[in-house]
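Those sequence lines, one after another, are chains S and C.
Heads up, the first sequence is in this note's numbering, so the first residue is 1 and it goes up one at a time.
Heads up, the second sequence is in this note's numbering, so the first residue is 1001 and it goes up one at a time.
Keep in mind that the hints are not guaranteed to be accurate.
Claimed, not checked - Here are the simulated DSS-like pairs of lysine-lysine, each with C-alpha atoms no more than 25 Å apart in a straight line:
(1) S/72 <-> S/32
(2) S/149 <-> C/1252
(3) S/72 <-> C/1308
(4) S/149 <-> C/1226
(5) S/109 <-> C/1290
(6) C/1253 <-> S/149
(7) S/410 <-> S/370
(8) S/112 <-> C/1253
(9) S/22 <-> S/32
(10) C/1199 <-> S/145
(11) S/112 <-> C/1252
(12) C/1252 <-> S/145
(13) C/1252 <-> S/327
(14) S/207 <-> S/158
(15) S/158 <-> S/145
To be verified - Here are a few chain S residues that face chain C, going by a calculated C-beta distance under 7 Å:
(16) 16
(17) 116
(18) 117
(19) 118
(20) 121
(21) 137
(22) 138
(23) 143
(24) 144
Treat the hints as calculated values from the structure; they're not laboratory data.
Glycine included, each C-beta is placed from N, C-alpha and C at the ideal position.
Spelled out, the chains give:
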Amino acid sequence: MTIQNITMPQLGESVTEGTIEKWLIKPGDQVKKYDALAEVQTDKVTAELPSSFTGTISELIAHEGDTIEVGKIVCTIEIEDAVVNPPTVTTHSKESSNEDQNTNTSNEKSMKTRYSPAVVRLASEHQIDLTQVEGSGASGRITRKDIQKIIETGNIPKATKQKVEQPNIATQQVIPEVKLTNHIETQPSSIGDIEIPVSGVRRAIAKNMVMSTQEIPHAWMMMEVDVTDLVSYRDSIKEDFKKKEGYNLTYFAFFVKAVSQALKEFPMMNSQWQGDKIIQKKDINLSIAVTTEDALYVPVIHHADDKSIKGIAKEVHELAIKVRSGKLKSEDMQGGTFTVNNTGSFGSVQSMGIINYPQAAILQIESIVKRPVIMNGGMFAARDMVNICLSIDHRILDGFVSGKFLARVKEILENISKDTTSIY
Amino acid sequence: MAVLSYIDAITLAMKEEMERDERVFILGEDVGRKGGVFKATNGLYEQFGEDRVIDTPLAESAIAGVGIGAAMYGLRPIAEMQFADFIMPAVNQIVSEAAKVRYRSNNDWNCPMVIRAPFGGGVHGALYHSQSVEAVFANQPGLKIVIPSTPYDAKGLLKAAIRDDDPVLFFEHKRAYRLIKGEVPDDDYTIEIGKADVKREGDDITVITYGLGVHFALQAAERIEKDGISAHILDLRTIYPLDQEAIIEAAKKTGKVLLITEDTKEGSVMSEVAAIIAEYALFDLDAPIKRLAGPDVPAMPYAPTMEKFFMISPEKVEQAMRELAAF
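Make the full structure from the sequences, and use the hints.
Quick look at the structure:
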């Protein structure tokens, strides 16, 4: 004795359910195969539901008036002989394929070094050494999620051998070997501290800074500049400029222009210490500092004195994009003769720059701020003021020439206006 | 809010639009007195009369052609093809005339027509009643192709299609007609054509599909969720022109993409979706783009076993999703 299920048949195209209008049998009735069991109505037809078996009706699962999905049980029937095909529900294929995959991942590592584009990109962005990562994907493949997890936890495996990318600041001179640290006070690191190995760009920055401060006797000087006219000039054309050229007309471009003009008049500022001689450079190549999240690059605007304010703005824009997209080439960083640093972009109003070795000086452009100023005639006025801070190599330069240079930069800046200056 | 079947939502959309705008009328085979072979136009002949619900001869080219002419003269025809399989005699009208009239006349003329057609298999309809024909039209600028998956989308998108000033092909999955039910608001709403819709949020794998495939994917997603696999499901809704932004965003979300169509694989709509992802999201991909589609054979077979072999199903979708998740 076996119980078999009678299910709702598909009674036409697009029919997915049927309503039991009337049972034609009751439990206990004997039925033959193909006997009508019930009247079924769909939204297209009314049809009789035939029995698939010969036997005794054991239970009516659906009631009259119930709407039953195609394939769902409507009643059960008890049949005499046990020779029936059991309903073959195929779920085994799924399970077996899962097992296959499980055994794959646990044993075999053939996919360990097949990296997807996403994995390669993330690993290079975060300098993750993929040979040290365990993959959770099929056959040991490292998945994007594996890498994302590593980045989230901050436990990044780095390669032990790292190519040192040197931001090639010095060009004319062999840089003497500098020890980065003379004495190390080792402090025990406690739980939660993060250890960051010093390598690559960071190492090069550290080396240059130490060398510069150890070797160059720095002296500092600052002047206040009234840039009210410059500000109103730039504000009046910046919208139009952006629309026409596609990038911003920054104040910084005006400053760079003014500095290169003043350097032409004071060539001593544009020189280098060479031990037994000082070399005055003919070209005016201005290094500008561009920072990223974790590093500092100093690309160079070559022949800045040949360029218009617009040309400088364009080059600053392009160099910044190159830095931020990692496309800066070493020739972009070579040949600088003087550095202009846009510290104002951080909101700073005063700072003491470390000279970009082996140059003679560095000029820091601070934030432009509105301040009350006493004007000629004793009147107060709200003016746009900016501090410009100069660091000099006192072996090459003295206060006299530096002061004259800085005063000249100030003079140029204070005279920039719509009437005197063209950006083209 | 009422729970309606997919086909009732379509009927309701046409009824509301015909009440709202007397320029809207229906033409097609058996759409009038019979109310359509699937009953999609049920009751509309009685409500709006024989001038606005027109029974036509068995001539699909004429159904499309008459619709185009009426549309160009300011009416808003809804032309029904009894089965999408029978649209082929009308292809010249649709592709050469409807799609191009605005361009050809330099904006002097346009063709605000909807062509509705039931498509898709899994209903033992065999080759003349089961095909997916959308890819035939999916490289004809000037046409829009909409395939809703839910009753809610069906009503909102059909109303938007009727109000659109250019021709819209509106394909309805015939197996969804009475299988899929869902809540449909009573109020007058439209859904913007050209926008895909995230039907489920997830972060392990992305499934992009349309029509019945959406429901198969949703069912499979529930099952694999028990094993900790979370699926992100994007319903294209408009398959031409494609919502590139939504496709790229969904692909980038997980980096593992499964594309599902019931149509035969080579040259299907999913081939274009795959190309978009390869073009714009390569560096976010974590696995080869995977397609689940019908085999490249001429038509849906009649034998139930062979039809089952041809058709996508929740089981096939689930297996493909699991394989991709494990990659």
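Results of checking the hints against the structure:
1. S/72 <-> S/32: 21 Å, holds
2. S/149 <-> C/1252: Holds: residue 149 of chain S and residue 1252 of chain C sit about 17 Å apart, inside 25 Å.
3. S/72 <-> C/1308: Holds, at about 18 Å.
4. S/149 <-> C/1226: Holds, because 22 Å separates the two Cα atoms, which is no more than 25 Å.
5. S/109 <-> C/1290: 22 Å, holds
6. C/1253 <-> S/149: Distance of about 15 Å is within 25 Å: holds.
7. S/410 <-> S/370: 17 Å, holds
8. S/112 <-> C/1253: Given pair residue 112 of chain S, residue 1253 of chain C holds - Cα atoms ~23 Å apart, limit 25 Å.
9. S/22 <-> S/32: 19 Å, holds
10. C/1199 <-> S/145: Between residue 1199 of chain C and residue 145 of chain S the Cα gap is close to 23 Å, so the pair holds against 25 Å.
11. S/112 <-> C/1252: 23 Å, holds
12. C/1252 <-> S/145: Judged against 25 Å, a Cα distance of about 12 Å means the pair holds.
13. C/1252 <-> S/327: The given pair, whose Cα atoms are some 24 Å apart, holds under the 25 Å limit.
14. S/207 <-> S/158: 21 Å, holds
15. S/158 <-> S/145: 18 Å, holds
16. 16: 4 Å, holds
17. 116: 4 Å, holds
18. 117: With a minimum Cβ separation of about 5 Å from chain C (threshold 7 Å), the hint on residue 117 of chain S holds.
19. 118: Since the shortest Cβ distance to chain C is 5 Å, the answer is holds.
20. 121: Since chain C brings a Cβ to about 5 Å from residue 121 of chain S, closer than 7 Å, the hint holds.
21. 137: Hint holds; residue 137 of chain S Cβ to chain C Cβ min 6 Å, cut 7 Å.
22. 138: 5 Å, holds
23. 143: With a minimum Cβ separation of about 6 Å from chain C (threshold 7 Å), the hint on residue 143 of chain S holds.
24. 144: 4 Å, holds
In the structure shown, no violation is registered for any of the earlier numbered hints.
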